[in-house]
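Enquirer: Given next are the chains, with one letter for each unit.
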Amino acid sequence: MTQLVLEQALNGLQFGLMLFLLAAGLTLVFGIMDCINLAHGSLYMVGAYFVAAAAQAADSFWIGLGAGIAGAALLGLLLELSLFRQLYRRDHLSQVLATFALILIANESVRVIWGPAPLMLNPPESLAGPVEIAGFFYPAYRLVIIGVGLVVAALLYLLVAKSRVGMWVRAGAANREMTEALGINVRGLFTAVFVFGAALCALAGGLLGPLLAVQVGMGESVLILAFVVIIIGGIGSIRGALVGALIVGTVDTLGRALLPTLLRATLPADAAATLGPALASILIYLLMAAILFFKPQGLFPARA
Amino acid sequence: MAFYRPARWQNAAVSVSLAMLIALPELLTALDQSYYTGFATRVLIFALAASSLNLVLGFGGMVSLGHAAFFGIGAYVAAICYDAGIHEGLLVLPLAALVAGLFALLVGAISLRTRGVYFIMITLAFAQMTYYLFISSSAWGGDDGMPIYERMQFAGFSLLADEALYYLALGVLALCMLLFARQAQARFGRTVQAIRENETRMEALGYPVFRYRLVCFALGGAVAGLAGALLANLTGMASPNLLQWTQSGTLLVMVIIGGVGYLWGGLVGAVVLLLLEEFLLAWFEHWHIALGLLLIGIVLFAPRGVAALFGKHHG
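Protein chains in written order, with our numbering: chain L, 75 to 378; chain X, 908 to 1222.
Source of the hints: derived by calculation from the structure; they are not laboratory data. Computed from a predicted structure; not experimentally measured. Beta carbons are placed, not taken as given, at the ideal position from N, Cα and C, and that holds for glycine.
So these bits of chain X aren't anywhere near chain L, every CB distance computed over 10 angstroms:
{"no.": "1", "residue": "L998"}
{"no.": "2", "residue": "A1111"}
{"no.": "3", "residue": "V1116"}
{"no.": "4", "residue": "E1185"}
Some chain L residues near chain X, calculated using beta-carbon distances under 10 angstroms:
{"no.": "5", "residue": "I110"}
{"no.": "6", "residue": "Q160"}
{"no.": "7", "residue": "L161"}
{"no.": "8", "residue": "H166"}
{"no.": "9", "residue": "Q169"}
{"no.": "10", "residue": "F174"}
{"no.": "11", "residue": "A175"}
{"no.": "12", "residue": "I179"}
{"no.": "13", "residue": "S183"}
{"no.": "14", "residue": "R185"}
{"no.": "15", "residue": "V186"}
{"no.": "16", "residue": "I298"}
{"no.": "17", "residue": "P351"}
{"no.": "18", "residue": "M362"}
{"no.": "19", "residue": "L366"}
{"no.": "20", "residue": "P370"}
Make the full structure from the sequences, and use the hints.
Expert: This is the structure we're talking about:
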């Protein structure tokens, strides 16, 4: 039992860190530019496809990952310059519609280019096996994901909390007009943040690719989770995104793994069998509704 | 935006369209195209669902991304009624509206405490909860949805023929549009629109803002449930796909194409979108690319939608 809990806790940490990579870009775009980007999940999907295609072509996972990230960043740049610039000043409804349209275009384009079947993406040979930690075996590749996630999260924290550019970003999230008035090139900053967010999407998509199938529609489910994360954390706050991602990742993973067992211990068998999976899959939404009920601005509001 | 006021030639246009819609099944049979009666019924039902969202979004100013929950719940109520042996539409339809409306009341009571983006997201979260609840419950068919092997009756009349269901859908849609048209001019509609324009001011004038919004939200949910029950009878099943958030997105797209806050916005949008789907799909398999580009074009160049031609807002 403890072994199961420990293993699932590690899985939850790994999932939470990947969610953080997605939520970080989303929360900044959302917080600074006040722009709802439903197509963020599509960047994740397209990023994963880029990585898978490049990895197949180069026959190396790491080269594929690098190329995929570069490709997604370039796509992000094109999107920002052509479309998102027009959207920042529009109301939320227009943003929802335009980015919903982007989802349709992205899904269909991927289907045209790579076909409807999922792409295979294999983890690097050297990481394919399990390693032993504290008495149980855990896949080496998942450990690497946790490691990369931790490093990126730390770098991101340093970048946003300690660097000058990060200060501009935080200032932009807190008060855009004032930041502009102080002579910061907010327009250029927007572009940079958007491109950076797209690159993080591709990183998460590429890293998760070998674990999940790289397929059309993979972006939608994860997009909703990323939104839950940034709502829980407070829109525009990197710290909130990290805390929210870890909460959502662990609660979701542990809930799915342990809730059915726990319910079986307390409820009649057939009631537990129907309630368990249902409760496990709505747990994070209940959590989000509860947090919004008590703290309508999320845990760490960026605009005080 | 300001208050909605119908265009001067609206009554004429509506009468002509209604006459054409009444004659449509006969016409299709005469042209040997009765396959399209089912399609026309689908359009009418989606017009109803989109109009109910337009009430919430356009008139109430609440950007809800969870409207599919009420739509889908209506469909499931119809399927559960069938399963329980209730086949009378006069019972099923009000029940679907009631359950969906009560659920909307609950969701609204919690969601309406938040504003802006948070409201969009919390309605989305509730819709997701509903979706996962239905797909993980084996009693309601899980992933496969719930079948309805035989359509309900209506006041003793059989709805087995596609034409019968078509006329029922048309009748329900006409009644609801009449209701929406009345409310747009009535005290309730004016108050809701005024709250959309300036919430603080209405609060200061002593209006119970929260309650007005909640009633508007619940009313939209109830009508969406009605549409869902009709759709389940048309397609012969309540599918969890109806609850998916992309369905909420599609309804939103219909309203925006048609015209947010214009009485006929939802209807026009549903007709335009479903016709585009039906006919673009025939010669272009990947029609979603074309649709996506069109939507972006609408956002950038025609943000007021098609139905802006059918009414105006006066200040």
